[in-house]
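Number of protein chains: 2
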Amino acid sequence: MSPAADGSPVVVTGGAGAIGSVLAVSLSASGHPVRLIDNLSSGRRDAVEGLIAGKRATLKVADLREAGSFETAFAGAGAAWHLAANPDIRKGTLEPNLDLEHGTIATFRFLEAARRHDVRRVFFSSSSVVYGLPTVFPTPESYGPLLPESLYAASKLASEALFSAYAHCYGLTAYLYRFANVIGPGMTHGVIYDFFEKVRQTPERLEVLGDGNQAKSYLRNEDCVAAMRFAGEHARDPVNVFNIGTTDQISAREIAEIVVRATGGTARIEYTGGTRGWVGDVPKQLLAIDKLRALGWRPPISSREAVERTVGELARARGYA
Amino acid sequence: MSPAADGSPVVVTGGAGAIGSVLAVSLSASGHPVRLIDNLSSGRRDAVEGLIAGKRATLKVADLREAGSFETAFAGAGAAWHLAANPDIRKGTLEPNLDLEHGTIATFRFLEAARRHDVRRVFFSSSSVVYGLPTVFPTPESYGPLLPESLYAASKLASEALFSAYAHCYGLTAYLYRFANVIGPGMTHGVIYDFFEKVRQTPERLEVLGDGNQAKSYLRNEDCVAAMRFAGEHARDPVNVFNIGTTDQISAREIAEIVVRATGGTARIEYTGGTRGWVGDVPKQLLAIDKLRALGWRPPISSREAVERTVGELARARGYA
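Heads up: the sequence lines are chains A and B, in that order.
Taking the working numbering, the leading residue of the first sequence gets 1, the next gets one more, and so forth.
Taking the working numbering, the leading residue of the second sequence gets 322, the next gets one more, and so forth.
These are calculated hints, taken from the structure and not from any lab test.
Honestly, I wouldn't trust all of these hints.
Stated by the list, open to error - Calculated lysine to any residue pairs in the SDA-like style (CA-CA distance at most 20 Å, straight line):
(1) B:LYS412 - A:ARG115
(2) B:LYS612 - A:ARG115
(3) B:LYS605 - B:GLU575
Stated by the list, open to error - DEER-style ranges, computed between Cβ atoms:
(4) B:ILE590 - A:ALA75: 43 to 53 Å
(5) B:LYS376 - A:GLY273: 51 to 61 Å
(6) A:TYR193 - B:GLY399: 39 to 49 Å
(7) B:ASN418 - A:THR188: 29 to 39 Å
(8) A:ALA75 - B:LEU361: 51 to 61 Å
(9) A:ALA317 - B:ALA615: 32 to 42 Å
(10) A:GLU95 - B:THR509: 33 to 43 Å
(11) A:ARG236 - B:GLU528: 29 to 39 Å
To be verified - Listed below are several chain A residues computed to face chain B (Cβ distance under 7 Å; list not exhaustive):
(12) ALA62
(13) LEU98
(14) LEU100
(15) ALA154
Everything numeric in this text was worked out from a predicted model, so none of it was measured.
Heads up, the beta-carbon is just placed ideally off N, CA and C, and yes, glycines get one too.
Extracted from the complex, chain A is given alone in its bound form (with noise of 0.2 Å):
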């Protein structure tokens, strides 16, 4: 039996985020009651009305550092994905208690859930940033040391520890997902979201921290999702990793020129300079996927589509074309 296709209930943290609610509606599709958890600070309600006015999912508004306030939720539940995190690196780093009580204490509370209600398997949306600084491109899942530029980065190599040691303690099966950026509906930061809000504030310019030069790959939201469950049901050790990516990278001087060709052409693009954007960027990132290639999953597009798909959807809801 498939363990997509059981129909057991599903917890989803971060559920009413942009790929916490795109997971929701995937696994509602295959059959799951869904749980979903969410503090609401950057995800929306509206994002999951659909399935909770459907019967399909509930939504329960909770704080991941207080146990006592969704503990219930994993009761009786097949599988738990851990997807709630703090969204935005640089607030951290001004904030250093964030990501550890929002990242790390939050995936410790996660997992006592787990362990508490016999909740077998479990996955977690780790990130590229674990690499900190890689030397080596693409890069793989066995890439070493990890050393973290962001207390973002840090709290989701630390997250990946917990899911690792309790899958060895405890006997859960876990995947750790490892992503590219991830970009689609709902998304709330991120260079394209600031490169939007920038054109609204001062139409004439856009400003681009770093040189421009900084390359990344992207995924959409729903990509990003069918890879996690393509895994999920293809993986099998104690703990599985994965790098979830496209092959391809795009700079951030040809984003902000998608940007601005979609807001009109009129601002004028301007560097600050300099090889990094901020603290804590990481400017260069590819992710080797050759693990997640062997199982059969390929990106459906690239990282230049993903981003003209997005740049669409966002110009389109905010009126320009």
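Keeping the supplied structure of chain A fixed, place chain B upon it in accordance with the hints.
Just chain B now, with coordinates in the frame of chain A:
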């Protein structure tokens, strides 16, 4: 000016412990006033009483989870060493919050204190357990993926990640030392200590967990301290990761035989069977120390010599010889 000889005060957490107290003596001998912080849960005041009586060290008995209880020790310090941790890996599996609180959260409080008081050089006693069950021996610092087998190991990796992030975000220089098994006077845990306890309780038999073929490398307290200080004086990256160990291994079976001989030779060795001694154990450990050797450091004795010396000390202390 060598950072070891500038005479500035140095903070040592876990400063009354088996490694911390040896480090304190070493730092004091180099002219540093030493500020020890310890909760005395496994550290012993008498290990540092001589330094304190000679006004060369102060001891603050404090809980690292409470920043207010110890932060003043960082004022004006030139460097800070974070050695405090729960020393009992198995206990951490029974009490899952133990390593989170006394490992990861304590490390965060330590780093916050360093950041607030502008202590620019920070040192951390990590462990070979961050490698999980490696497939490469000897295991280099670049090994990955890092999949910890215990909550203790997870907290070591989480703490490394925090040190790395603090170094990059706030301009600290961090030294992360991944230890082989460190043994010597003052130790309160580990295989040699356990074997002596068992022989004391039942002199006719010595039960060895596992099949006895678990093989690891061992290093003396004083050699570990010398290696840490050597690397601190010779490496200058923002984040410096070093394995610290010897180049040979010794098996649990051989250690049992050495302990039995030293305790009168009457105990019959019995094995519980299985390749692993206990949940979370790493049965095979051998670290590549090429990086440290390239700087000029050599382990002065082998693992076997370290074990024999330590067993001899314990046997004399317990009246066997």
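Point to revise | Earlier hints that do not hold, by number | key: 2, 8, 9, 12, 13
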